[in-house]
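For reference, the chains in residue letters:
Protein chains: 2
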Amino acid sequence: HPRARRATRTLWLLVLVSLPVCISVCRASSPQEDSAMENIVTEKKAEESHRQDSADLLIFILLLTLTILTIWLFKHRRFRFLHETGLAMIYGLIVGVILRYGIHVPRDVSNITLNCQVNASPATLLVNVSGKFYEYTLKGEINANEVNDVQDNEMLRKVTFDPEVFFNILLPPIIFHAGYSLKRRHFFRNMGSILAYAFLGTVISCFIIGLLMYGCVTLMKQVGQLGGDFFFTDCLFFGAIVSATDPVTVLAIFNELQVDVDLYALLFGESVLNDAVAVVLSSSIVAYQPEGDNSHTFEVMALLKSFGIFLGVFSGSFALGVATGIVTALISFFLRDFQLLETALFFLMSWSTFLLAEACGFTGVVAVLFCGITQAHYTYNNLSPESQDRTKQLFELLNFLAENFIFSYMGLTLFTFQNHVFNPMFIVGAFVALFIGRAANIYPLSFLLNLGRRNKIRSNFQHMMMFAGLRGAMTFALSIRDTATYARQMMFSTTLLVVFFTVWICGGGTTQMLSCQRIRVGVDSDQDNSVSSERRSTKQESAWLFRIWYNFDHNYLKPILTHSGPPLTATLPPCCGPLARFLTSPQAFENECQLKDDDSDLILRDGDISLTYGDITVSTDASGAHTSGGLAFAGASTSDDLDRELAYGDHELVMRGTRLVLPMDDSEPSFTEPHHLNIVDLSR
Amino acid sequence: HPRARRATRTLWLLVLVSLPVCISVCRASSPQEDSAMENIVTEKKAEESHRQDSADLLIFILLLTLTILTIWLFKHRRFRFLHETGLAMIYGLIVGVILRYGIHVPRDVSNITLNCQVNASPATLLVNVSGKFYEYTLKGEINANEVNDVQDNEMLRKVTFDPEVFFNILLPPIIFHAGYSLKRRHFFRNMGSILAYAFLGTVISCFIIGLLMYGCVTLMKQVGQLGGDFFFTDCLFFGAIVSATDPVTVLAIFNELQVDVDLYALLFGESVLNDAVAVVLSSSIVAYQPEGDNSHTFEVMALLKSFGIFLGVFSGSFALGVATGIVTALISFFLRDFQLLETALFFLMSWSTFLLAEACGFTGVVAVLFCGITQAHYTYNNLSPESQDRTKQLFELLNFLAENFIFSYMGLTLFTFQNHVFNPMFIVGAFVALFIGRAANIYPLSFLLNLGRRNKIRSNFQHMMMFAGLRGAMTFALSIRDTATYARQMMFSTTLLVVFFTVWICGGGTTQMLSCQRIRVGVDSDQDNSVSSERRSTKQESAWLFRIWYNFDHNYLKPILTHSGPPLTATLPPCCGPLARFLTSPQAFENECQLKDDDSDLILRDGDISLTYGDITVSTDASGAHTSGGLAFAGASTSDDLDRELAYGDHELVMRGTRLVLPMDDSEPSFTEPHHLNIVDLSR
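From first to last, the protein sequence lines are chains A and B. Going by the UniProt record's numbering, the letters in the first sequence line up with residues 1 to 684, in that order. Going by the UniProt record's numbering, the letters in the second sequence line up with residues 1 to 684, in that order.
Honestly, the hints are just simulated from the structure, not real lab data. Don't take each hint at face value.
For chains that are exact copies, the list does not tell them apart, and a pair is met inside one copy or across any two.
20 Å max Cα-Cα, derived EDC-like pairs, lysine to aspartate or glutamate [said to hold, decoys possible]:
| no. | residue 1 | residue 2 |
| --- | --- | --- |
| 1 | K305 | D337 |
| 2 | K75 | E386 |
| 3 | K75 | E396 |
| 4 | K221 | E299 |
| 5 | K305 | D162 |
Chain A on its own, in the form it takes in the complex:
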């Protein structure tokens, strides 16, 4: 429709033009009114400040709107080069330039700040102005050389949010969504490798980058390029924050092109978990505080303490997240059929995980991640189909908004942040260190992992993972959190450039890289014909510990926490009969009966291309080969269920996501009775 296209273009330009106009109007209106208000009471001043805040927030909302419209245009034209986050950054940059150079706000007389001399900095300050008391709250420390900036650039400072907003409002939904949408089948299949990359790899990358940057900083000091202190702990901190990868752009393209699922799982799993590792790692590096005043020497005790903090915070956050997830599963076990209540409860419990972790001194973001994974594993099965949709859509929306907000804010800060320290030598050093750090993570670990893996991580996958080491929201949030010292300011500026570069160049070059590395695209994750060989490799790969966990989860946790799984009466020893009957959901018994009555129905429901004729199953796999089996196969071990169930779970998620769901009752899992199911499975 040429008309529609023309009209859209007009509309789009209209919004584009209206933004700077709106900004200048919002900006220009306040000082005029301010000057007329000089002698009006505090209340009015607070109102004015509120208006200003509304206008500032409005700028961001308009930025997001603009981003959405452009994304729509891109999607409409199937233009894959620039991802929405990259786009959001560009718009942020443009608005940043306008705010910085385009609008000149005359110095605001009524907002001049006062200096007053006291000998402490309490959280609350009462100020006595000619008999009236005003309450002030502490916002933070300001560098002595910034004090003039504060007075001059009130406007630019106002656009700058409190950095904690990122950690407490914007990151949690992003991280939760990552956990909740984790493709569990492929995640568990590659669990060992993912954990290795995320934990070992991130630590390796952190220390390699830290050491290289320390070398760089020492060189800079000798050349005389360094304008302030930069300690080894600062270098390590920098290493930790830039070790959190966020290949959102790459993954979006992978998803669209249906790139190999294992590569997707490796990248996504690594990026989800290494965010958690990087957060905890950076906070334990900050906690490294040797005794005495000269606080930057090496000390074993402090190092051990840092290590202890890392372990404590990580395991605490993990336990908390999982615990809340399980409590939610337990509650939602009973709370069916009231969709609004279910969704509200799900939302509140997930949020309370974050708050609880923060209140206990753990890391909320990490707790939320593991809460998300637990919710997807247990609670999701207890929700009614409508609530499953609702929760997924809700967190999808929150994730979308938060992510684009962070990226457009990133673009904005490049110009509006007041204390940038761009040091060419440090920037070049950082890029080199990042490259080497990523390489030292991927290649050696892949080599070691390939020794144990049947399904090797091929070299083109390794190159792709190397290439997909984008930095994003987490790195930004960690670096903006504290920009008080010279070292931190230099880190922040460099981090911004790193994010811009990786998102635009690496993100934009993903399709080229894929074709250059000859990585196959268009793989249907549910129909890939390498299933049987890969399943065997899963069994090989998954260690005994993992297999024990799986059996425990399948036989005991799932039946207790959800309506799926075999009834406990079948899995618990006979002596626990009454307890088992008490703990098993009535639906599980129903399921069992139903399975015995009409398994052909249930098997067909799975979306598998298989038909059951009485006791004999005939199924067709992707290659077209026919196989048949009888009940004689029924004795195979239940550990085979692992792959199948994960596959089933995933399948369900995918189908929901695209709304291709058939009118079936999802509370009844199709694959619970091992006897009948093994037939289908083995015959593939």
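Following the hints, position chain B against chain A.
Quick look at chain B alone, frame taken from chain A:
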């Protein structure tokens, strides 16, 4: 299932018990750590404060969780006496008692506030502590006699949110949801009466209550019961804030029992609109500022100015809300098939309405209300079915959370608010004034309206409306916004009691009142057999202005802004041919063709019990009578479309809401061609 019930009860008690434990743990942990931290830097102090905030918020989240669990229990047992909001208040009260009397926090040494003497109160304050600068932001003024409270009850003050949170975060989703879920058919049918109650009625009620309270206050002054100033403007302000009705409890029961739709529409419409009127009215009363120092005399100029402010703010907010709604409709006109983008855009545009209104100095809440109505009228038709679901569910969830949060906070503040002024005389006076004010709103206006209405508002409806004058979220938010003076504190305390009383007593007695007034329940809004008579009355009732508006909307606005409606080529004069073709959606033309091709399909889709055989329509109405008509009837005027289309729109909304939707494409409206549709309509 007795097992499930027993387990639920255990679970529920567990949460109930865990709450106070959690509170005390959260509370107890902080002072211990504080004392150990006395000599640690500001950063740590900010962290501690952040932890405390997390714990405080956690209390509310747990409160909401508890409310949800109890609601579920109530719904499960079909226990209608106590609504969720009433329940939330009770839990809030309990936690308030625990916080106030149960937990004793030793005085926090490191948080002692300092007094410093300056001669102005800027928005930002820089404090110089031995060479380091700290930034403080203004929070507000504090009464001189509260200064000691601040230091003593840091804990209780922390649980008290910034009142602006209610206005800027919690109210907007509630009000937007009210506008978005307005049942348009019955709203438009009773438009005149609703506007009369909402505008005239609220103003009458405000002034009656104001005058009565002024009498009461004068009496109190003479008796010596008054402890501070209380001017006539304060009385009027009180009248304005308690005139905002919020019969959420009553409406929930109406919905469940399917009470007469007209009564529902009258009550709901009135409560939605009078919130807007009360907000603007109260702000214009505050703006009433006669010249000179003794600022509480009567002055015509100031009164006129206040009146001007009322008109300006109301119409400005109205225009802004409608304008943003129309812009969203225009954008979403093109933005189909990307559900996430649609939903995100919808959310952002609705939010930006609020921010834009606030930034321009209008009232965001009012703008958001009219934005919601416009979105429901135009944008909703342009959204894909999935996005229609998503947006409705999203705002339903936000509304639910915000509403319950406000009501549980209300319960909490009864004990945690520091400056309650409970004056028995004022409270009794307020209840009497409220009763008289409500009566002066409902009965005289109903009498006057009945003179013009065909479908009279019967006396039992009037009594029910009188009874359903509950006060809720808006009244609370308005009264907590400013509690600086003695008068405002007394108002706030009294308002709290009014809300408690009306929600518990009036809300709880709704079913009794319904049966006492013999109001019929179980009315199916879509099948009521009084349609034909009422439709005629609609035409009589709706003034010429409204009918002109309807025709304009149906013939021009709907075709331009949405994919529904007749093509503009049919409605615009022939001279505007090219323009009409340009502006009409291609789908509208398709619709037209389709209508000509297979109207039987489309007519059946409407869910009406009618069948079309060629040119002759046979339909069955609720009474079972058969009627038939030919194309001879096709010449009837298009103004008949009004009722039908509104009915159709509503029907669609209802069907969506309960997810009974058939797999049909909703972008194609069934009722657009007058010729064929009149047949069906007249034959009913």
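One pair to classify: K305 and D337, alpha carbons no more than 20 Å apart. Within, between, both, or neither? neither (49 Å within a copy, 54 Å between copies)
Intra- versus inter-copy proximity for D162 and K305 (alpha-carbon distance at most 20 Å): neither (30 Å within a copy, 39 Å between copies)
Classify it for me, K75 with E386: is the Cα-Cα distance of at most 20 Å met within a copy, between copies, both or neither? Intra 28 Å, inter 18 Å, cutoff 20 Å: inter-copy only.
How would you label the pair K75, E396 (within, between, both, or neither) given a Cα cut-off of 20 Å? within (18 Å within a copy, 29 Å between copies)
Between the shortest in-copy and the shortest cross-copy C-alpha distance, which are at most 20 Å for K221 and E299: within, between, both, or neither? This pair counts as neither: shortest intra-copy Cα distance 24 Å, inter-copy 73 Å.
Of the hints listed earlier, those the structure fails to meet are numbers 1, 4 and 5, in rising order.
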